[in-house]
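**Q** Using the sequences and the hints, build the whole thing.
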Amino acid sequence: ETGVTQSPTHLIKTRGQQVTLRCSSQSGHNTVSWYQQALGQGPQFIFQYYREEENGRGNFPPRFSGLQFPNYSSELNVNALELDDSALYLCASSKYSGGATDTQYFGPGTRLTVL
Amino acid sequence: DAKTTQPPSMDCAEGRAANLPCNHSTISGNEYVYWYRQIHSQGPQYIIHGLKNNETNEMASLIITEDRKSSTLILPHATLRDTAVYYCIVRGYNNNDMRFGAGTRLTVKP
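The listed protein sequences derive, respectively, from chains A and B. For the first sequence, the numbering used here gives the first residue as 1, with consecutive numbering after it. For the second sequence, the numbering used here gives the first residue as 116, with consecutive numbering after it.
Fair warning: there could be bad hints in the mix.
Said to hold, decoys possible - Simulated restraints on C-beta separations:
| id | chain 1 | residue 1 | chain 2 | residue 2 | range |
| --- | --- | --- | --- | --- | --- |
| 1 | A | T5 | B | G130 | 43 to 51 Å |
| 2 | B | N169 | A | S65 | 35 to 43 Å |
| 3 | B | P225 | A | G16 | 44 to 52 Å |
| 4 | A | H10 | B | M174 | 26 to 34 Å |
If you're looking for bench data, these hints aren't it; they were derived computationally from the structure. Predicted model, so just to flag it, every value in this text is computed and none were measured. Positions of the beta carbon are idealized from the N, C-alpha and C atoms, including for glycine.
**A** Below is the structure:
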């Protein structure tokens, strides 16, 4: 167990709807990263939040957005859901040191199904 | 970041050492090698990471060749619970993301 929690565990939405996923970071961690994992593939980086601001973004459209709160928890919001957004959404927390020595610890994920 | 190459699948007998190879021939001097594993439908689990020297922790050992072009993750006494997809990731010093490939599906058999 990493101490990273995510909610909800599973979610079903229809195309065009909006969804909010939540993540609580491990104690002592101040950075949250979000990943999307499609079935049969490795996780793909969406973005990272540090000091309540986006600190790097992968190749995802603007309808994927996020927030980080003063307690370091985070939300991932996806607007105008598409069928291809069906995936396991993972968050990972870390203690920021500005580079590759920030070991990221993952939560259990939220399984999103878009119908 | 350097690209990694891993075999798509491997088998290992329970109780034996599992040696998972990773090729990263284009790695540069300030890039780290990370290993994670993912048991079905769970979040990736951090195993170990290293820069140049071999590393060992309670889960595994990481052996990095002297030229750093390849590495091997060693699970000394594999159990059935070690069945998972293992990801080798090369991460640049200034990169804040983990770039996962397809990984190696390790099956530990009784």
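**Q** Would you say the C-beta atoms of B:N169 and A:S65 sit inside 35 to 43 Å of each other?
**A** Because 42 Å falls inside the window, the suggested range holds.
**Q** Confirm or reject the claim that A:T5 and B:G130 have a C-beta distance inside 43 to 51 Å.
**A** 34 Å, violated
**Q** If I claimed the Cβ atoms of A:H10 and B:M174 lie 26 to 34 Å apart, would that claim hold in this structure?
**A** 29 Å, holds
**Q** With 44 to 52 Å as the target window, see if B:P225 and A:G16 comply at their CB atoms.
**A** 48 Å, holds
Of the numbered hints given earlier, the model fails hint 1 alone.
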